[in-house]
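Engineer: Protein sequence lines correspond, in order, to chains A and B.
1 is the number of the first residue of the first sequence in this note's numbering; add one for each residue after it.
1001 is the number of the first residue of the second sequence in this note's numbering; add one for each residue after it.
In short, the hints are calculated from the structure, not lab data.
Watch out, some of these pointers could steer you wrong.
[What the hints assert, rightly or not] Derived pair list, reagent style DSS-like, types lysine-lysine, alpha-carbon separation capped at 30 Å:
(1) Lys23/A <-> Lys1130/B
(2) Lys192/A <-> Lys1064/B
(3) Lys1072/B <-> Lys195/A
(4) Lys1041/B <-> Lys195/A
(5) Lys1072/B <-> Lys1060/B
(6) Lys192/A <-> Lys1011/B
(7) Lys1072/B <-> Lys1054/B
(8) Lys1313/B <-> Lys1130/B
(9) Lys192/A <-> Lys1054/B
(10) Lys1123/B <-> Lys23/A
(11) Lys1064/B <-> Lys1074/B
(12) Lys1041/B <-> Lys1011/B
(13) Lys1054/B <-> Lys1041/B
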Amino acid sequence: MNQGLISSTDRVDLGYVKRGTGKIPRALMLLAVGIIISMLLILMVSIGIGGIGVLSWEFLSNPPENGMEEGGIFPAIFGTVFLVILMIIFVVPVGVLTAVYLSEFTRADSRVARLIRIAINNLAGVPSIVFGLFGLGFFVGFIGTGLDRLVTDGGRPVWGQPAIIWAALTLSLLTLPVVIVSTEEALRSIPKEMKDASYALGASRLQTITRVILPQAMPGILTGGILAISRGAGEVAPIMFTGAAYYLPYLPTKLNHQFMELGYHIYVMATQSPDIEKTKPILFGTVLVLLMLTFMLNFTAIFIRARIRSRRTNV
Amino acid sequence: MPELKFKPKSKFWEAFGEGFISLNAFLALIGILLIFIFIFKEALPIFTDAEVQKEAAFSKMLFKQQYYEGQKPKWSWQPNSEVPKYSLLPLFLGTIKAAVIAMLFAAPLAIGAAIYSSEFTSKRTREMIKPAIEILAGIPSVVLGFFALILLATFLQNVFGWTFRLNAVNAGIALGLAVIPIIFTIAEDAMTAVPQSLRDAAMALGANSWQVSTMTVFPAALPGIAAGVVLGFGRAIGETMIVLMASGNAAIISIDPLVSIRTFSATIAAELAEVVFGSAHYNVLFLIGTLLFIFTFVVNLGGDLILARLKMKIQGNTK
Chain A
1 MNQGLISSTD RVDLGYVKRG TGKIPRALML LAVGIIISML LILMVSIGIG GIGVLSWEFL
61 SNPPENGMEE GGIFPAIFGT VFLVILMIIF VVPVGVLTAV YLSEFTRADS RVARLIRIAI
121 NNLAGVPSIV FGLFGLGFFV GFIGTGLDRL VTDGGRPVWG QPAIIWAALT LSLLTLPVVI
181 VSTEEALRSI PKEMKDASYA LGASRLQTIT RVILPQAMPG ILTGGILAIS RGAGEVAPIM
241 FTGAAYYLPY LPTKLNHQFM ELGYHIYVMA TQSPDIEKTK PILFGTVLVL LMLTFMLNFT
301 AIFIRARIRS RRTNV
Chain B
1001 MPELKFKPKS KFWEAFGEGF ISLNAFLALI GILLIFIFIF KEALPIFTDA EVQKEAAFSK
1061 MLFKQQYYEG QKPKWSWQPN SEVPKYSLLP LFLGTIKAAV IAMLFAAPLA IGAAIYSSEF
1121 TSKRTREMIK PAIEILAGIP SVVLGFFALI LLATFLQNVF GWTFRLNAVN AGIALGLAVI
1181 PIIFTIAEDA MTAVPQSLRD AAMALGANSW QVSTMTVFPA ALPGIAAGVV LGFGRAIGET
1241 MIVLMASGNA AIISIDPLVS IRTFSATIAA ELAEVVFGSA HYNVLFLIGT LLFIFTFVVN
1301 LGGDLILARL KMKIQGNTK
């Protein structure tokens, strides 16, 4: 349409000397996409093929036997579920309230808000093994041992040892940024008119938060919680020293018990097994179970998030 | 009569609730401070305790040491030998080697895919690339470690016939898989954040779509792409389970990428469980943790700063 306005000599004057269309670079970029997707497929298909054979109700419901070369993974599943439930109880309230504070109590460019945001971003970037060190030094060594001084008379430690509660607390600090970011996004999607209406009806800020804002943000909070579970269920380094055990003959029922966990179980079987060939089928099965668990959680979260986003654009 | 839903307010509960929320918001800040304090606290004896310094002074970790009579001084990490050796150089070399290989593998793939996804593809293909990246991001690192240890290492050894089955390249590739989603996401965000007005202006000046992308959008988004690479590098340095499982864990001084390596993070993971509480070895492992913490803290702060600047610049352009 506008071709007539700009002659080809003008284009040269404008500095566009080479008028390439970038066929080769574009093909290379497409190749990059192809390599990423095919590596993902290779990973998933090889784990799927290796693991599908051992999946059965017995595998999911029985404890390991014979030095983990036979039997199932029920204690690891139980420990993982117990662990993430505890983690969620700690992380969701704190994460949600932090997000509420950031979006309702302060301006985004205030000094306090910026400081908290820097802390959250850095928390998300701290290596998971550092969380493990922290959990051992702070929760087990400081809080746990401190509690023991209060409640026991110097006998065997009750709290000052690796335990599921310390592992869950460590993980909740690690997943805190996930919950905050997800809740914040949901809070931002709430139309301002809704809050205005609430204030116009005479509600206080706290009432507006508990009865208008939080119910509206529920899907976002749910997404954050699910993503946190998915992240927490897959982390091994933070729980290695804070509560996870190679093998336990009993299921953890108290907060100061140690526990078995899927990710840690994979690590143990893959690296400490006396005969890796015999452990392999069960190992693949365990990896497949962990992968399916995290994918299921992630897909649910992505689905809910997509619905929030479409709601926002529809408003 | 419509029922009045809001009860009369109680001043006490209002103040209590608001105070509680405000206090809560500082937990993230307190958390990051506590992490630093409690890790550094356990590393502190290296600098203050003479007894610990005899075995593991900080200078002994940095410089060549003569451990036995008549032997040349060398750098060595052997904390459990008769004469404990705590040189950090082999671990540093291993960490850098793994992270650099991971970046060489991941950065071109992730940046290429990000540019392709934001510039040259239809909405439908993009809907395929993005979930694939999200799936990759959701894979637990222990699963990537397992993949590298059991499948990738065997495959690479069969194809290339390497002496060490578990080596820096094997670990680096698996590490790269963990880093790709980080670089991709940040780079793609930076590209799509470039305002339409810039593209329109370039188009109006007669540029074709390839020229718009390479001469206008890419330079504008370059700081964001750099931030993605920096943050990806930070992740590669700190990642634990992948290198612990896939790198062979031998602290060797060599720049050959095909020998086994031992990284900082994997050293902590492998040795902390067996170490005596409060021993010099224990202090050294926490010192390594402190170094990792400080390094990732600086990297993250730098990456975020670049991104914040870029955001301001781009928003400024549209006004």
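Engineer: Against each hint, give a clear statement of whether it holds in the structure.
Structural biologist: Against the structure, the hints come out as follows:
1. Lys23/A <-> Lys1130/B: holds (23 Å)
2. Lys192/A <-> Lys1064/B: violated (64 Å)
3. Lys1072/B <-> Lys195/A: violated (74 Å)
4. Lys1041/B <-> Lys195/A: Violated, at about 46 Å.
5. Lys1072/B <-> Lys1060/B: Between Lys1072/B and Lys1060/B the Cα gap is close to 15 Å, so the pair holds against 30 Å.
6. Lys192/A <-> Lys1011/B: holds (25 Å)
7. Lys1072/B <-> Lys1054/B: holds (20 Å)
8. Lys1313/B <-> Lys1130/B: holds (26 Å)
9. Lys192/A <-> Lys1054/B: Roughly 64 Å between the alpha carbons, so the hint for Lys192/A and Lys1054/B is violated.
10. Lys1123/B <-> Lys23/A: The given pair, whose Cα atoms are some 20 Å apart, holds under the 30 Å limit.
11. Lys1064/B <-> Lys1074/B: It holds: about 5 Å lies between the C-alpha atoms, which stays within 30 Å.
12. Lys1041/B <-> Lys1011/B: Distance of about 43 Å is beyond 30 Å: violated.
13. Lys1054/B <-> Lys1041/B: Given pair Lys1054/B, Lys1041/B holds - Cα atoms ~19 Å apart, limit 30 Å.
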